[in-house]
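Undergrad: If you read the sequences in order, they're chains A and B.
Okay, so the first sequence: first residue is 1 according to the numbering used here, each after it adds one.
Okay, so the second sequence: first residue is 666 according to the numbering used here, each after it adds one.
In short, the hints are calculated from the structure, not lab data.
Hints may contain errors.
[Unchecked claim] What follows is a list of derived Cβ distance ranges for each label pair:
hint, chain 1, residue 1, chain 2, residue 2, range
1, B, G785, A, L640, 38 to 44 Å
2, B, R850, A, L640, 45 to 51 Å
3, B, K798, A, F68, 57 to 63 Å
4, A, L611, B, K798, 54 to 60 Å
[As the list claims (entries may be wrong)] Restricting the straight-line Cα-Cα distance to at most 27 Å, the calculated cross-link-like pairs of lysine-lysine (DSSO-like) are:
hint, chain 1, residue 1, chain 2, residue 2
5, A, K581, B, K782
6, B, K801, A, K249
7, A, K222, B, K782
8, A, K196, A, K14
9, A, K651, A, K581
10, A, K249, A, K597
11, A, K349, A, K435
12, A, K222, B, K798
13, A, K222, A, K196
14, B, K883, B, K672
15, A, K581, A, K593
16, A, K249, A, K222
17, B, K786, B, K798
18, A, K196, A, K17
19, B, K801, A, K581
20, A, K222, B, K801
21, B, K786, B, K855
22, A, K199, A, K249
The beta-carbon is built from N, C-alpha and C at its ideal position, and this holds for glycine as well.
Read off the chains here:
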Amino acid sequence: MKITSRLALNQIRKNRKRTVGTLIAIALSCALITAVFCFVTSGIDMLKGILGEDLGEYAGAYRLILIFPAILLTFLIAFMSATVISNIFRASAADRTKELGVLRCVGGTGRQIRKTVLAEGFFLSLAGIPAGLILGTLLGFAGVSITGLYIDRIAAITRTIVMRRLELELSFSARPWVFLLAAAFSFVTVLLAALKPAKRMGRITALESVSFGNVRRQEEGKIRGSALWRALWGFEGELGARNISRNRKAFLPAIRALSTGICLLLTTAGLASQFGDIEALMKSRHNLLLVDYTSLQDEGENPVTGRREDVILHPVDADTYNEITNRLNEFGDFEVWGIGSNRSAYYVKADPSGFTPDMTERSDVINGYGEMSFDMVSLSEGLYREICEKTGTAPGGNILINTFVYNDRGRRTEIVPFREDLRTFTLVTPGGETKELSVDGFLDREDLEDWPFDWLNRATVMVIVPGAEARYFDWFCEPGDQEEAYTAYARSVTDSFFPVLTDDSYADQGYSVRISREDTLARALNIMLILGEVILYGFVLLLTLMGFAGFISTVTANIRARSREFAVLKSVGMTGYALRKMLYSESMYCTLKAAVKGVIFGIIIPYLISLSIRNALPSRYHFPWYALIPGIVIPFLAVLLITRIEIGRMKGQSLIETIRMDSIR
Amino acid sequence: MAVLEVKDLTKIYGEGEAEVVALDHVSFSVERGEFVAIIGASGSGKSTLMNQIGGIDRPTSGSVRIEDREITGMDEDELSIFRRRNIGMIYQFYNLIPTLTAEENVMLPRLLDGRAKDTGKLSAIMEALGLEKRAKHYPAEMSGGQQQRVSIGRALINDPAFVLADEPTGNLDSRTGGEIMDLLRYSNRKLSQTILLITHDEKIALQSDRIITMSDGKIIGDEVIKA
Numbered sequence: 001m002k003i004t005s006r007l008a009l010n011q012i013r014k015n016r017k018r019t020v021g022t023l024i025a026i027a028l029s030c031a032l033i034t035a036v037f038c039f040v041t042s043g044i045d046m047l048k049g050i051l052g053e054d055l056g057e058y059a060g061a062y063r064l065i066l067i068f069p070a071i072l073l074t075f076l077i078a079f080m081s082a083t084v085i086s087n088i089f090r091a092s093a094a095d096r097t098k099e100l101g102v103l104r105c106v107g108g109t110g111r112q113i114r115k116t117v118l119a120e121g122f123f124l125s126l127a128g129i130p131a132g133l134i135l136g137t138l139l140g141f142a143g144v145s146i147t148g149l150y151i152d153r154i155a156a157i158t159r160t161i162v163m164r165r166l167e168l169e170l171s172f173s174a175r176p177w178v179f180l181l182a183a184a185f186s187f188v189t190v191l192l193a194a195l196k197p198a199k200r201m202g203r204i205t206a207l208e209s210v211s212f213g214n215v216r217r218q219e220e221g222k223i224r225g226s227a228l229w230r231a232l233w234g235f236e237g238e239l240g241a242r243n244i245s246r247n248r249k250a251f252l253p254a255i256r257a258l259s260t261g262i263c264l265l266l267t268t269a270g271l272a273s274q275f276g277d278i279e280a281l282m283k284s285r286h287n288l289l290l291v292d293y294t295s296l297q298d299e300g301e302n303p304v305t306g307r308r309e310d311v312i313l314h315p316v317d318a319d320t321y322n323e324i325t326n327r328l329n330e331f332g333d334f335e336v337w338g339i340g341s342n343r344s345a346y347y348v349k350a351d352p353s354g355f356t357p358d359m360t361e362r363s364d365v366i367n368g369y370g371e372m373s374f375d376m377v378s379l380s381e382g383l384y385r386e387i388c389e390k391t392g393t394a395p396g397g398n399i400l401i402n403t404f405v406y407n408d409r410g411r412r413t414e415i416v417p418f419r420e421d422l423r424t425f426t427l428v429t430p431g432g433e434t435k436e437l438s439v440d441g442f443l444d445r446e447d448l449e450d451w452p453f454d455w456l457n458r459a460t461v462m463v464i465v466p467g468a469e470a471r472y473f474d475w476f477c478e479p480g481d482q483e484e485a486y487t488a489y490a491r492s493v494t495d496s497f498f499p500v501l502t503d504d505s506y507a508d509q510g511y512s513v514r515i516s517r518e519d520t521l522a523r524a525l526n527i528m529l530i531l532g533e534v535i536l537y538g539f540v541l542l543l544t545l546m547g548f549a550g551f552i553s554t555v556t557a558n559i560r561a562r563s564r565e566f567a568v569l570k571s572v573g574m575t576g577y578a579l580r581k582m583l584y585s586e587s588m589y590c591t592l593k594a595a596v597k598g599v600i601f602g603i604i605i606p607y608l609i610s611l612s613i614r615n616a617l618p619s620r621y622h623f624p625w626y627a628l629i630p631g632i633v634i635p636f637l638a639v640l641l642i643t644r645i646e647i648g649r650m651k652g653q654s655l656i657e658t659i660r661m662d663s664i665r
Numbered sequence: 666m667a668v669l670e671v672k673d674l675t676k677i678y679g680e681g682e683a684e685v686v687a688l689d690h691v692s693f694s695v696e697r698g699e700f701v702a703i704i705g706a707s708g709s710g711k712s713t714l715m716n717q718i719g720g721i722d723r724p725t726s727g728s729v730r731i732e733d734r735e736i737t738g739m740d741e742d743e744l745s746i747f748r749r750r751n752i753g754m755i756y757q758f759y760n761l762i763p764t765l766t767a768e769e770n771v772m773l774p775r776l777l778d779g780r781a782k783d784t785g786k787l788s789a790i791m792e793a794l795g796l797e798k799r800a801k802h803y804p805a806e807m808s809g810g811q812q813q814r815v816s817i818g819r820a821l822i823n824d825p826a827f828v829l830a831d832e833p834t835g836n837l838d839s840r841t842g843g844e845i846m847d848l849l850r851y852s853n854r855k856l857s858q859t860i861l862l863i864t865h866d867e868k869i870a871l872q873s874d875r876i877i878t879m880s881d882g883k884i885i886g887d888e889v890i891k892a
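Given the sequences, and given the hints that come with them, work out the whole structure.
TA: Below you can see the structure in the form of structure tokens.
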């Protein structure tokens, strides 16, 4: 065995604490990477179950959706673990100055010393990486299995609401490339992490080891203090800030690692708050039981005007939905009513003279043809009569739902769009034919509360037109404890009108009938969001812990490496209190630097993401105050605690021996 | 008047068979303005004596009085404050703070004491030490001789009762070592600064006014060589 390898093995045996620390860091890093890759292979297999072996037309996009976050996570893990491993080697370099100097004295070259350190990394990887692969497989298996349970629940729920049948099933799978790639990535991470300390150790001269550190080092850059820290902590604070500046090469990766951790934590919390908004939006205030009929629609083009013209394949007419309503009402002593919609047939000519001032500002509701979208709303007879009475409209009249709810850069905003003196709308078909629609009554927002109309506007103009055909028709009721029996009864009723003959009736027969609670979609979304948050928080927490471990090891190594400096300060009259003050100020200085960067980016990143989300949904960025506690307060307290422990350790050191034998680095 | 009075000072390391008597009932005193060299071979106890006098280590028995104040009974913080105000330390390996400039290193005992910068005194010391052009330089940017001059400045800044110099030329070439000795003599003559020089080098010791010779933890000679 070469002498460099033997020396490396001797170090591994001799320095057990450091060996164990490095092994844990390597194994954890490799385990996390393996787990991430296991998620990717399992996710791809799940997609294959849905989309077929070749993943269909968008195979590349699907793979990218899974692989891109995995690559991002892998690099984050590698960055965090490299910081920790590099710190361990760096601290070791500081401890071994004398020993390495002796090696130089007896003829060892810088290259040989570098090789010794890299050989240490190699040997530690030999043990750490297999352990990490095993741990990662277990972690991946547990993670995928838990996620699979959530996916099963989502699949069960969505079966009642999605029109196309989905086979969602996530089960653990890992390919040989998972292990090869994870091992290779971890190995490269370890070698890169050891490279810098190895170079540093390779530069140690024989003179340096025998002159107790009084060799001139020109590599240090400009040393900067901090006026703020001087004002806050006095001269001791200034000394602390200068020390951080002097050792910035060592501190910078640690500060970056901690700030990345804090940033990730705040970003995750910020995104979670936006998910919360989306979830709230999906929630129904009524949560009634819903029987939904939906017809397939063919997208086409009008041959004359060239405009999009959709054809509803199986529209439901007034006789049918009224008859179904009557049949459903025969079941029990609760009321069943229905609301339908047809947004395919017409547009409305925009006439700003009928707009309220609020609506005048909403220029985006008018398309290039000077028209607005239109929803012809149909109601079951009983509900229509009730609304006529409520609004004072004569039976047979059309009732304008005079409210417009829209997403104003993330805020759900509601206005009254049309003036009360509006009497007619001009309807336009995609073919260019026009017809007048009288407005005989107005249904205002406050009148809508009693019925499930609390959606964002599906169209700019919504008019209840008695007897209108519908593409969608929903029957609502609250059956209470008779839900199961009612569901079976409703299925039999709808089957007699719209028999569902195939698993995929929507595609095969041109319509679908689904029976579910209104909040089913919200529940499915809720499970997905919880799942996403659990996975995201899990990884982020582990990454943050790794970053924090790196930070702590840097702070600790820095204090230990400076025992001579502290002894000198004491010998020229620094009191124990002043020394503690200096060390606490240093710890606070680094943590604050990391926290400031982490918080700034942790706010900016989710805020920027929210800018794109809020264009589509009324969801805004909320500052995650609750994440600040684990994100900032805990690191501050932990760093203070670690500093205190290190100060306690220093008490046992002999001032005389330290001054005479150690060296200032 | 005695600036330093050492009486029956004993320091024993270890216990039982491993017991080592580093100082054995050592007594002497130093008057204000004296330049005293303490010499002895390696292991004679001179560094142990220096640590006791400097308040860095505690004796097993005996007393050390500096300007009529007993320091052996002081606690750590009292000793630290006492050191920065009354004792100037010069080490073989300079022991400067790497994050402070030459000027700030010189001012360190005053800065630790929370006292304002005495610009006049600082300039005088920097000039006397030939460090005016190096005032803003960090230790890493200076030669060994320059660093040692900074440490002399640090020892002198507070007008201490005495300066303790532990092998101050041990890490320097003979020419630079000579310059450092010149500076110490200069501060002794011109500023009436009391100096205790610890060395194993007789040639260096001969530049002082009085030589105390130590062997096996005892004073075996105390000779005034210059009146």
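Undergrad: Taking the hints in turn, state whether each one holds.
TA: We went through each hint and held it up to the structure:
no.: 1; hint: B:G785 with A:L640: 38 to 44 Å; result: holds, 41 Å
no.: 2; hint: B:R850 with A:L640: 45 to 51 Å; result: holds, 49 Å
no.: 3; hint: B:K798 with A:F68: 57 to 63 Å; result: holds, 58 Å
no.: 4; hint: A:L611 with B:K798: 54 to 60 Å; result: holds, 56 Å
no.: 5; hint: A:K581 with B:K782; result: holds, 21 Å
no.: 6; hint: B:K801 with A:K249; result: holds, 23 Å
no.: 7; hint: A:K222 with B:K782; result: holds, 23 Å
no.: 8; hint: A:K196 with A:K14; result: holds, 22 Å
no.: 9; hint: A:K651 with A:K581; result: holds, 15 Å
no.: 10; hint: A:K249 with A:K597; result: holds, 17 Å
no.: 11; hint: A:K349 with A:K435; result: holds, 10 Å
no.: 12; hint: A:K222 with B:K798; result: holds, 18 Å
no.: 13; hint: A:K222 with A:K196; result: holds, 21 Å
no.: 14; hint: B:K883 with B:K672; result: holds, 12 Å
no.: 15; hint: A:K581 with A:K593; result: holds, 18 Å
no.: 16; hint: A:K249 with A:K222; result: holds, 12 Å
no.: 17; hint: B:K786 with B:K798; result: holds, 16 Å
no.: 18; hint: A:K196 with A:K17; result: holds, 21 Å
no.: 19; hint: B:K801 with A:K581; result: holds, 25 Å
no.: 20; hint: A:K222 with B:K801; result: holds, 12 Å
no.: 21; hint: B:K786 with B:K855; result: holds, 15 Å
no.: 22; hint: A:K199 with A:K249; result: holds, 13 Å
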